[in-house]
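Engineer: Model the full structure from these sequences, guided by the hints.
Line by line, the protein sequences are chains A and B.
Numbering (UniProt numbering) for the first sequence: 1 to 650.
Numbering (UniProt numbering) for the second sequence: 1 to 650.
Heads up, none of these hints are tricks.
Since the list can't tell identical chains apart, any single copy or any two copies may satisfy a pair.
Calculated pairs, DSSO-like style, for lysine-lysine (alpha carbon to alpha carbon, straight line, at most 27 Å):
1) K593 with K457
2) K82 with K360
3) K401 with K593
4) K457 with K45
5) K272 with K593
6) K45 with K365
7) K272 with K447
Rather than coming from a laboratory, the hints here were simulated on the basis of the structure.
There are 2 protein chains.
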Amino acid sequence: MDSSIESTSAAKNADEESRRRRMGDIVLNTPEPPALWHEISVSIKEEVFPRSSEPFSLLTWILSAAQGLFPVLQWGRSYSFKYFRSDFMAGLTLASLGIPQSIGYANLAKLDPQYGLYTSVVPPLIYSVMGTSRDIAIGPVAVVSLLLSSMVQKVVDPTADPIAYRKLVFTATLFTGIFQASFGMFRLGFLVDFLSHAAIVGFMAGAAIVIGLQQLKGLLGINHFTNKTNIVSVIKAVWVALHQPWHYGNFLIGCVFLIFILCARFMARRNKKLFWLSAIAPLLSVILSTLLVFVMRADKHGVKIIQHVTGGLNPSSVKQLQLQGPYVGECAKIGLVCAVIALTEAIAVGRSFASINGYKLDGNKEMIAMGFMNVAGSLSSCYVATGSFSRTAVNFSAGCKTTVSNIVMAVTVFIALQLLTRLLYYTPVTILASIILSALPGLIDVKEVCNIWEIDKMDFLTCIGAFLGVLFGSVEIGLSAAVIISFAKIIIRSIRPHIEMLGRIQGTDIFCSIRQYPTAAQTQGVLLIRIDSSFLCFMNANFIRERITRWVMEECDPNDKKPGEKIHSVVIDMSTVMNVDTSGTAAVGEMHKELLFLGIQLAIANPGWQAIHKMKRAGLVERIGGEWVFLTAGEAVRACLAAKDAACGC
Amino acid sequence: MDSSIESTSAAKNADEESRRRRMGDIVLNTPEPPALWHEISVSIKEEVFPRSSEPFSLLTWILSAAQGLFPVLQWGRSYSFKYFRSDFMAGLTLASLGIPQSIGYANLAKLDPQYGLYTSVVPPLIYSVMGTSRDIAIGPVAVVSLLLSSMVQKVVDPTADPIAYRKLVFTATLFTGIFQASFGMFRLGFLVDFLSHAAIVGFMAGAAIVIGLQQLKGLLGINHFTNKTNIVSVIKAVWVALHQPWHYGNFLIGCVFLIFILCARFMARRNKKLFWLSAIAPLLSVILSTLLVFVMRADKHGVKIIQHVTGGLNPSSVKQLQLQGPYVGECAKIGLVCAVIALTEAIAVGRSFASINGYKLDGNKEMIAMGFMNVAGSLSSCYVATGSFSRTAVNFSAGCKTTVSNIVMAVTVFIALQLLTRLLYYTPVTILASIILSALPGLIDVKEVCNIWEIDKMDFLTCIGAFLGVLFGSVEIGLSAAVIISFAKIIIRSIRPHIEMLGRIQGTDIFCSIRQYPTAAQTQGVLLIRIDSSFLCFMNANFIRERITRWVMEECDPNDKKPGEKIHSVVIDMSTVMNVDTSGTAAVGEMHKELLFLGIQLAIANPGWQAIHKMKRAGLVERIGGEWVFLTAGEAVRACLAAKDAACGC
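Structural biologist: The structure is reproduced here in structure tokens:
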């Protein structure tokens, strides 16, 4: 009977063994993973030819491409009068906010007021037929205006040579458009992702403070101001200016209307129905302050006024583009930075409103639309336009249905350009500063910063890096800091991945990190290790090999442990390792050799598709032994224990 | 009876449900993962204070630090005469190979011959008390000599102003040493890993060809040669030179002895016992060719000779270091590049021989030792020294036991410097070219290139990039190409991770990728997805979200499927996702919202420690519902099916 039990148990063991073998063979006999060029060609095909179940035909492809490029062809067919009523009201509200803001941002970009208005005419019209977002409001925005002026004025001084400055601005705008359109066409939308959310939050907050400081010039009526944007230079310039005689009039008018606009905004926030109050407040301020100055003749008492604004249709700026000469490279660089920042802002705005309204935004199409609108803008005296957060919010609150509200806004601005520019003669400059200042609090999101700190400290570092970089360095330094910190984060995690010892959760066959799940118990004699990196490559292969060898050495220390506890097997759970490169396979081979030297068995569990494939190619599976590759960590551990038992002869 | 079955099954369901809940709670109630600064401080502590079970005491720490810095204190105590006999023979063999090679490499570095010999005296002595490798042979090497001369001659022309050139070389050597030592002290050893194995293979092969082309100058006795290293310039220069009158003598002598050395090498490879033949052949060639020239008075017939070689002890070069002036930055840059290349070569050599002999090489200690030896070298008229592959192989074959063989070699070279330099007067320059040329085939590893192509196509791209960069651009371009391609590889994999649909392997509870394991079957109504990236971050979060949403949309397409097959749940297996950042949590939140909109349940299985922690912090777990977080994919799928059944009321 004893022998019969033994034979049953032997048969059971053999059964178990053969089952395990079968499972291991599954791992070894997977089909070949797709080759590199196959993957590349598939991903390109997928991007360029939208998938469809019908066979490919040129006509349908052209039709769908045209519909893709001009979404108006899709939604335009079902457009109704009811929609138009909503869009018309939203467009008018938008224009009342957009006109004063455009003038203010043109001032921030160191251009004459009419260029801001031009920028609110052509780009919105182009976007309305090409864009996929229903809510976005197109026009000049504060951050891009600051960015453009701070970068272009390093090349040409806008006060010394405004015409050359303007030419460079148009050229940079052209490059911005070209870059944006090519990002979209070559499906490089991921480039926008390089600026992480945290970086944007920090960058925007820093830019808002910098923009606010720039407004002190208008608010205090300072004549000589610094060209630098960092906080130290600006405060120094303000300090110097305050010690010279200055006129209180500018400051007084600016502050009164700033408080007025902020109060209107506050009331609108308390009562959603009064949202038009916050939309109309800037225009109202412009009208009231202009009247005030005109009636009181305040311009004779030191209050600065806008004076002449050229009216009429956007003039062509084709001949002003500088496509030859010494500054082309510089303009291309500025265009690239502006393209990324403008897209990042527009896509962030577009996505958040798309998510509220439950539709999807196509990032690549958006980029093409933005690109074309900026190219068109650069030919018609506009500077870089993008989606503005504050105006998009107003557009949404005003009940816009489609991009037609942008058309209404553009037409209204165009009418204003034709008829009303003369009325702006007495508008005080300080009111533009108030309008810009009133828009800044929306750019500083303290709550989100707290949130980022709470969730991820590394992200917080990125955020603060961008913020301080903009504040104390320059806009470009802030951006570079953000990108560098973000990339460093990824590289560091690739260089120093976590390596976890695994244990079995009691009562199950589940193996988990013993640090994450303290209830998990390690199996005696088997060191089960998981590499927490999806790519075992030249950057981390040596680190991982050394760490594992050190652990094995510690566990094998003869002074430390009783002989029964000595480990006899090391199982590497490669379920997270999707890919290896030649350095990775070399490191595993090296490890196998070292363990062999110590008389320890190496087993591999559940390697990723590319990983097992490359290990086979490198002859590693052959060296380790195909029978030591398993589908799960549990089976690997059981096989190691069985082999140990067999070796002990019990 | 019917009701009793029902109640049992209900009880079973409830049991199952509660068990699943318990397992889910395990996931949610893990302890807090270590904070960022805790991880940083632990890793620093681990690196600086070697772990020991005894309590910390300053004395033992100093002792172990001293032993760490000077491994000779450890192995010196057990050094025996038997070892010395082996080391002595190995050292002599090494010197016989090292003397001609050093002169040749000095020529490659555009320095006088004695500087190569100096470099074989001081650095080996320093290394022998500080290094951890027993086999490595220290001295000048071909690639670093080329690198140094190609970079320094861009700053100062060695033919026009050899003294200024030499000063810069010493300064660059000082910086090399400082960088190497600080890499070791600050545990920045991973910097060396930035040059992957594949990149090194390509770089070495390219450098070997470039070095070979440079030797055409000596071999053909050309007077006016290009300073550029790229293949096009060199071939052009050779073409021009060949069309001018030239002396066959140089070429003849060079070729004859090159063939002689290569034959000796070939014989040594066929018969391991004759290894000394390949070691002695270069010295023999020098002696024979010198005699030949002397006897035949060939120098009168156009054969170029070395002429005067200064003998005697290494002179101090402290005063020649240029630590002020316009070229310091340039020297530091050159030093950095040389430091990385020299370390990469030495550590690659050291590691491969350590692995053969079964001992471990400490990368950080090696770096400190190399750093100190180069700093000391720069003060005593040496240029950059490192571990040479060819001489290390000879040292190993000659049976060296410890670094004492390096001391023997250094002393021998020193004696030669004192006594034998005058005998080098008639040595033809062309023989140096032959010696360098004969060492080059070892740098071109065609078999390894094939191997890399076989295993990993991206690695092959890196390899070829480095190779072509060196060949057609310059040494720096080749290096930059290698580093950029390697990093791009990592970044691309982070940007575009694979996302796999999982299915159950029949007869088990194991869920695997259906692409990798075609036998795995998807569960009807449940879309089980695994994200193959260990870091769900700003770079890939949007891509992943869009891909998953697209799949869900395709599966939900009402035209395509019968209603019974419509999916009702999406399970995301996050077992490979170890970490998320704020963009990652936002993307998952967004996804949850979109699925909610479509009436599809989202479940999360087995997120990593940091991942679940940050998702909790971001309030995501609360929104998704803690009951939809599971320990395994299997449980998640079962829970989704159970919920669906409950909803159907069946």
